[in-house]
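Listed in order, the protein sequences are those of chains A and B. In case it helps, the working numbering puts the first sequence at residues 1 to 358. In case it helps, the working numbering puts the second sequence at residues 1 to 358.
Check each hint, because a few of them may be wrong.
[Claimed, not checked] With beta-carbon atoms standing in for the labels, derived distance ranges: (1) Val146/A - Ala295/B: 20 to 26 Å; (2) Ala183/A - Leu354/B: 21 to 27 Å; (3) Asp280/A - Ala284/B: 35 to 41 Å.
[Said to hold, decoys possible] Here are a few chain B residues that face chain A, going by a calculated C-beta distance under 7 Å: (4) Ala296; (5) Leu300; (6) Gly312; (7) Val314; (8) Ser326; (9) Asp329; (10) Ala330; (11) Val331; (12) Val333; (13) Cys334; (14) Pro335; (15) Arg338; (16) Asp341; (17) Val345; (18) Tyr357.
In short, the hints are calculated from the structure, not lab data. Keep in mind it's a predicted model, so treat the numbers as computed, not measured. Idealized CB from N, CA, C, for every residue including glycine.
There are 2 protein chains.
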Amino acid sequence: MYIVILAGGSGTRFWPVSRTSRPKQLISITDGPTMLQRTVERVLDLKPKRIMVVTNQLQKEETEHQLSRYRSVAPVDLIAEPVGRNTAPAVGLAAAIIVLHDPEGIMVVLPADHYIRNDEELRATLHKAIHSARNGWLMTLGIVPVSPETGYGYLEADMALRGTGPFPVRRFMEKPDRETALACLEAGNFFWNSGIFVWRADSILAEIEKYMPELALQLDSITLNNVWDLADFTGQITDIYARIASQSIDYGVMEKSDRVQMVPADIGWSDLGSWSALPDICDANEDGTVVAHCAAYISLDSSNCIVSGNGGVVATLGMHDTIVVSTGDAVLVCPRDRAQDVRKVVDRLQKMELSEYL
Amino acid sequence: MYIVILAGGSGTRFWPVSRTSRPKQLISITDGPTMLQRTVERVLDLKPKRIMVVTNQLQKEETEHQLSRYRSVAPVDLIAEPVGRNTAPAVGLAAAIIVLHDPEGIMVVLPADHYIRNDEELRATLHKAIHSARNGWLMTLGIVPVSPETGYGYLEADMALRGTGPFPVRRFMEKPDRETALACLEAGNFFWNSGIFVWRADSILAEIEKYMPELALQLDSITLNNVWDLADFTGQITDIYARIASQSIDYGVMEKSDRVQMVPADIGWSDLGSWSALPDICDANEDGTVVAHCAAYISLDSSNCIVSGNGGVVATLGMHDTIVVSTGDAVLVCPRDRAQDVRKVVDRLQKMELSEYL
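Produce the complete structure using the sequences and hints provided.
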């Protein structure tokens, strides 16, 4: 079994802590290890043959640095794409590498920037998915929804046959409006699309060939001899990647294939979409405030804030429902319900060409 | 004429920019020179014989450093009190030093941590005060009030004799309540007590002897030969200062003496009592926000904020009437109308013994 961690994402909603060269997966949003490191740590117990981390050139150095501590425990391979092209090319490339060595090898695909509270349950769910994947199914983990989230995609399971799954997937659904989300929650057979997949390397390549023939040809044109060692790999694929279209494996394969099944996963999952998600994963203090990375947090007449302090002191006086994030060189202050708009701050910095702070 | 700058104050309301070893007078609240440096710069045109800066041991080094740039322009003396004992001992000590060399020398006493917009008018007003001081009067500058401030002390002038002053002072008044402040503003003969004084060194010493005889004796016991050079001065007065009572020159002499006169001063003065005073001295941007020390300030749906950014970026999104101050290692966020309570944050830090941030 091979772990493939998709760690090449970029994002702006955790600015100012996340930056272009240090996006969400490479930062420690709460205290302790980074999101990528937590992702690696939660699968070590599965004893994977290899852990393959797909990143890109810009983040390669920091990713390498963060992974170094695990090399004594498991073989860790770094695949640095010349540019990010969404998940389909990354998944396809990893599958092509695995299939060379181990045609029926199982791939567990994990995003590097999601939060999972219950690691034990994740591993149990993965074991179940691996079992079905051996028979050629494309398995996806469907998160048991706990609220009518409008920020997640959903998948509808065919639960006619009772039991704990796996279940066939009837359809994938884009982020719904509030009403639809409520209906999904009530229906009981809708799950959040986690982006966690399990399949045989040869299964996914066959489906890519079927539904994404151009990508399949492009992957075929890459010379992949002796490629666990990927030192000189990126240069070889730069030209090919320049022509590869940006596509998600969800849209490219999963929504079309009839080989898709899902396993319900009740694992305390969050995609941590913005600073406002911090209370989902951290305990609040007695004032309802969540505090990360502070030598001390001084709260006077304040409540329900979200505070990240770069190892220093943050003081709020008479502030409520407010996000305060400092990185030393940059500070963000906004109401909790405006957290989605932090990307607009980054847009503005881009327009001002303040690349130092991006 | 001698300039005596009282620069030994401590304060907490500009935390986190001001710290114990770097209080308000030693920081640059807006961009550019520090408050102390601005104080020196506004009197250089008066061509003083010497500029004497009274500070204390804790702030001596930083004060020395900030004054070094002026030594080529004017003789600058540093008097470091072993401990701060309010203004009366500082004024008395400076007077005792001056009187040794120049018995009828005129002292202009200036606090180091006040803001004055109109330097030209200050100098004109001081010239007028110096004229009266030569005849032995204790002159004080009364700031023409522009609002019913409850944060300042007032002085009541006897303006029976019309003209532009000087006027006799009837009485000094502690910080009034709102109603009294409104009455003062309406009456027309009440002025804000600026703490800017002009007198002959021998005049103030005579009044100290009359109204503060104990302090006079203590000052007499200090050996003051060749004291412009004050290198070894502090050690000599440590024991004496340990016994000196903490008293203001206002309370100790000005409120009692019948030799006090005032000159109205319309000089754009503010004592800059807290972060909420920043809009009095800085132009606001089109959103009504005042910004200091920022490489860039990103304002999205925000207005009327007060922002100080330690040379980095501050972003506010959906914030109004809010103070945001960052020093890299510490961040303060509070509503504008809570600025007076910043000292409570410092109290808390003291209780937590977080001396690094004090």
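Tested hints:
{"no.": "1", "hint": "Val146/A - Ala295/B: 20 to 26 Å", "verdict": "violated (42 Å)"}
{"no.": "2", "hint": "Ala183/A - Leu354/B: 21 to 27 Å", "verdict": "violated (51 Å)"}
{"no.": "3", "hint": "Asp280/A - Ala284/B: 35 to 41 Å", "verdict": "holds (38 Å)"}
{"no.": "4", "hint": "Ala296", "verdict": "holds (6 Å)"}
{"no.": "5", "hint": "Leu300", "verdict": "holds (6 Å)"}
{"no.": "6", "hint": "Gly312", "verdict": "holds (4 Å)"}
{"no.": "7", "hint": "Val314", "verdict": "holds (5 Å)"}
{"no.": "8", "hint": "Ser326", "verdict": "holds (5 Å)"}
{"no.": "9", "hint": "Asp329", "verdict": "holds (4 Å)"}
{"no.": "10", "hint": "Ala330", "verdict": "holds (4 Å)"}
{"no.": "11", "hint": "Val331", "verdict": "holds (5 Å)"}
{"no.": "12", "hint": "Val333", "verdict": "holds (5 Å)"}
{"no.": "13", "hint": "Cys334", "verdict": "holds (4 Å)"}
{"no.": "14", "hint": "Pro335", "verdict": "holds (5 Å)"}
{"no.": "15", "hint": "Arg338", "verdict": "holds (4 Å)"}
{"no.": "16", "hint": "Asp341", "verdict": "holds (6 Å)"}
{"no.": "17", "hint": "Val345", "verdict": "holds (4 Å)"}
{"no.": "18", "hint": "Tyr357", "verdict": "holds (5 Å)"}
Violated hints, listed in ascending order, are 1 and 2; each of the other numbered hints is respected by the structure.
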